[in-house]
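Enquirer: Listed below, chain by chain, are the residues.
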Amino acid sequence: MKHTLCLLFLLSTFFLKAQAPVGDLIIRNGTVLTITKGSLDKTDILVQKGKITGIGKQLKAPAGIREIDATGQFVMPGIIDAHSHIAIDAVNEATNPITPEVKVGDAIDPFDLSIYRALAGGVTTSHAMHGSANAIGGQCQTIKHRYGVLDPSAYKFEGAARTIKFALGENPIRVHGEGRGVQPRTRMGVEHVIRDAFEKGLAYKEKWATYEADKKKNPDIAPPLYNERYQTMADILDGKIIIQCHSYRADEILMLMRVLNDYGVRRITFQHVNEGFKVAPELAAFGAMASVFSDWWAYKFEVYYSTAYNAAILTRNGVVTSINSDSGELIRHLFHEAAKTQRYGNLSDDEALALITINPARQLGIDTKVGSIEIGKDADLAIFSAHPLSIYAIPQLTIVDGIVRFDLAHDPADMRLDIDPEEATPTYYGQEDVDGCMRDTEFMFSHRH
Amino acid sequence: MKKNIFAISCFILLTSALGLQAQQVEKSTYGTFALTHASVETVTKGRLENATVIIRNGIIEAVGPDVAVPADAQVIDCKDLIIYPGMIDGGTRLGLQEIESISVTQDYDEIGELTPEMDALTAVNPNSVLIPVTRVSGVTSVITSPSGGLFPGTAALINLQGYTPEQMYGGFKAMTINFPSSGKRGRYDKRSEEEVKKDGDKAVKKLNDTWDRVRTYAAIDSATAGKAAYNPELAALVPVLKGEMTAFIEVNKEDDILAALRWIKKQKIKAVLTGVAEGWRVADSIALAGIPVITGPVLAMPTRDTDHYDQAYKNAGLMQKAGVKVALRTGEAENVRNLPFNAGFAAAYGMGRDEALRAVTIIPAEIFGVADKVGSIEVGKKANLFVSTGDPFEPATAIKHLFIDGWNIPLESRQTLLYEEFLQRTPGVSAQPLPGKS
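Listed in order, the protein sequences are those of chains W and G. Numbering that gives the first Met the number 0 puts the first residue of the first sequence at 0, with every later residue one more than the last. Numbering that gives the first Met the number 0 puts the first residue of the second sequence at 0, with every later residue one more than the last.
To be clear, the hints were calculated from the coordinates, so they are not data collected in a lab. Every value quoted in this text rests on a predicted model; they were computed, and no experiment measured them.
Here are the in silico distance ranges between beta carbons for each label pair:
| id | chain 1 | residue 1 | chain 2 | residue 2 | range |
| --- | --- | --- | --- | --- | --- |
| 1 | G | ILE110 | W | HIS191 | 39 to 45 Å |
| 2 | G | SER191 | W | ASP88 | 21 to 27 Å |
| 3 | W | ASN345 | G | SER27 | 21 to 27 Å |
| 4 | W | ASN345 | G | ARG424 | 16 to 22 Å |
Chain G stretches covered by chain W per the calculated footprint, using a threshold of three residues with CB under 8 Å from any CB of chain W:
| id | stretch |
| --- | --- |
| 5 | 99–106 |
| 6 | 296–308 |
| 7 | 324–334 |
No residue lacks a Cβ here, since even glycine has one placed at the ideal position from N, Cα and C.
Chain G on its own, in the form it takes in the complex:
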């Protein structure tokens, strides 16, 4: 049987590898581009009409209504179209998971509670079929994150373009921490209240014990000028302890959020809360602590039976209105393309369209410390942008052009190629009756 499983796994790997072919037929192009006659939603500097955006060598060189078109530029007329900065998803498994149910295609959950030395960027598959499917929706960058255990590893910001992890890397990494939960894991969690509490307390102890060990390790390491005994787990956490690396602290339940805020304050680390499904209950405390939040999915169930049916839709807006810096995430792999729709629901349920747009562009860029490179349409920034027929949160809107890192990327994915092949299949239905057995 073991042999069988191995054989099946090999077969699946092989067929998956074959399946990676032909998802982009046209080549991406690079150089100088002039996007003319466009409306430009800069996000940081208002909306411009009948404007031109010049892209040269990957960078936005000029933006404005009176910009001259360089002689060497390829002109793309954007009349009646709108230019938006590429959207950023603050939390996904993109590139780390190909098929959800097949464990050999899941690279986000290493064995063990304590695996902070695991680096998402190592396992990002630049040729994942999921990546083109995602970017044609206007999502140009994502956080891809390991999960599982207390310290799952390091998440990375990646641009959805490139053939190596190095080409994709967006210049930001964060340490993920699953903050111990005092709640049930779901409706089918059959543990008693006492068992839940016991497990929660145990996890808190493990977190604090680990942190003490990191502190000791850091002290030894600096006392011995970097000669502390090899311990990759503890070594990986030292930059977080020293406040040099951001911690993404996954926490969702009301009292756990408060506990996490206390823990962050005590340890004096640089932290971002992720998940934060019940953030609306304690929004003032989060705002007071000044800790940014990456929340989502927006299209999700309420966390309690006693909540309004639309509580998850409203959560992001309620936190933002309370003064919390809020970015959005889908938490998805294959359907990160739904980020604009998650933002749209947040917008409709209280956040408003402008703030929701900021929550998927400039706000995540600020949280990751890359606002000088991405998140808005401004001179000097990386050309991560898309051109659409209208509001990208509206399903009826079409994306017409896409640039990532200055590359003009064809709007193709395996899903669009299948559409083209099968809309009018040739040959169509055969004249013969179906070959039956009787």
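Bound conformation, chain W alone:
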């Protein structure tokens, strides 16, 4: 009987459309950093069915609801990482200069311990990206860190914008030009590969438009052959997908804006974009957004002329900017990475925190749901022992959809979900960071990004 019930339960979870679990709770008496509406002292946040339903002093709560005392603590929106490679078991389909047909969402790995470690740094949402091996890579997947849920599809952020990876400069040049002997081997080639894909997407789109028109006259006419690659290009042309483009140098950033201008494509976030500060006025004029590192530079030639003041210069020039991790290590302290903009450019507390909350939310098309503490938004929250921009702040509690997914007071050492029973002693791996942009291309090279 018990087994039958178990089986029924398993089957029901298998067949039902993945329903993200939600929770109810109330956070009492914290300093609430709303990001969009200032900071509120000694304030409560009421959460019902995974949504924020009340913000105020001494709120009335339904009987029996879980109360979290945040006296002396700071509550901020769950942190959003606009560039990461955690929670996926494949990164690069490095077999062609363009692969818009592949989807990172097909490779979600709910067992990746990095998800829990990100939660322990207050990060509730990340943008699981295809790598940077191809000029046009695969489609990315915005996920919520519902660690503990075993259904991969339940990690997908409902209603997030579709996004796709583009990559300029050294990586596609090295992988395809130098590694495989095919175009692109130069930044000129990268431009051409991208233009070529847009042209083919345009032709494909027109073929279908012609078919739809002709079908009205002749219902028996055969449709064109469906092609996922060029359908995706057509969707970009139609503004249905936000481009997320790995880029470093000012010239290649300008190049892509020129190309997009020619094809009427406006929705783009440049990723890394170390030399974005050099063309900040152009980025702002185009309406392009930027997702940058706090201080990474000099790991290869195209990032030698970088500055840690990048985020501040972009912000001051009116570019919507975020700070991302691109790393399973760094994702654990994005609050600290954002704080560095106070040393490098004097950003205010709200400006600095926006870099890891509402700004990445805008870049991923989820800003109506997350990224600030407002009534009606998802209850994705992080509670810190001190102001999160202080080096002494320690994440205490991380909440996703009203469910506590990390609690420092109940934090067992071993948080793995898939334990190999034959593993006698836990394997030593060293302090290696494995979640990088060039994963799955290591057989070609030996270093990062």
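Given the structure of chain W, go ahead and fit chain G onto it with the hints provided.
Expert: Chain G only, in chain W's frame:
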């Protein structure tokens, strides 16, 4: 293709050399300085308020609340500011690496397992763009170290000021040893457990064989009054064998640390453990052995999937609390500037602010035997110090003045110069539309 690579390398070298220009526009100045009305975090003698620090000819001449300002001194009013001793990073590749992915700019990893005669100071590039980027954060000295192989070479303490390696040298060198590891090299290490063990045993044998040869060489050398046949590898290790030179023994895995402690005891050498990522597991043994530790980076992943997410943050503090003498390092090149933030995380996760400050100032100075020269604000010490608006571990804190070897160094680097040039770029965006192809 080979020709191409050569041409590309030449081009990169050339452009890198050009890139070295204009990272410091203002000149550093020298002479007599009076830093007045300051809070002084001496590190060794508590905190002083409304105090004056006099710097003359590179040396701290006076410190205290009742110090008179000499007539010839340039006065720098430090009201509402705090003076700290310059921070010391116990392990970096600064000066030995310009761009991580370009091998012709990497001078830290010579070919061969046995290259102890390689000297980091030889290849330190005083004009590295990375150096000003680092020092404006208040890091005034670093250990710069070769790596790779069993005996990678000699590490050196350098001050981040000067135009020749001699001007930069901080008066301490150490022999680096990569202690054989019994563990995997990472997640992508596909060797079987047996292969890992075999390779580890082979490395231990190589280490011990080498040490036997050094012993023999030293015996021959002293028996022949310094006439032993030319053998630079073995000759370089003799000072370590004799206990005249410190060995930096890089070791991270729990049982390897214990093996290294046994090896040090057996060989009776003067040693410091470096890395020590799993030191918290065997902290009592390290404390009992009385071997100092240089650990880091603090901002790192746990070494095992079964560890707490914050185990690397806590490691330094756990060792220090167990009685180990702990200094910190970043292990970085271009981002050694993050040393104060590594210290801040160690502080927050158990070490406490005061001990973390000691771990980047006086403790490394003691480990390197240069505590009479650097590591605190005391009369007679070298003027390696910085003046900040607050706690240097806090990102929001700004560094206002910097002295290294008594030189008043402008707070400029290529990164600050780019900021000044591009914050409000002129010309800004042009009125014409982007020149497209259609």
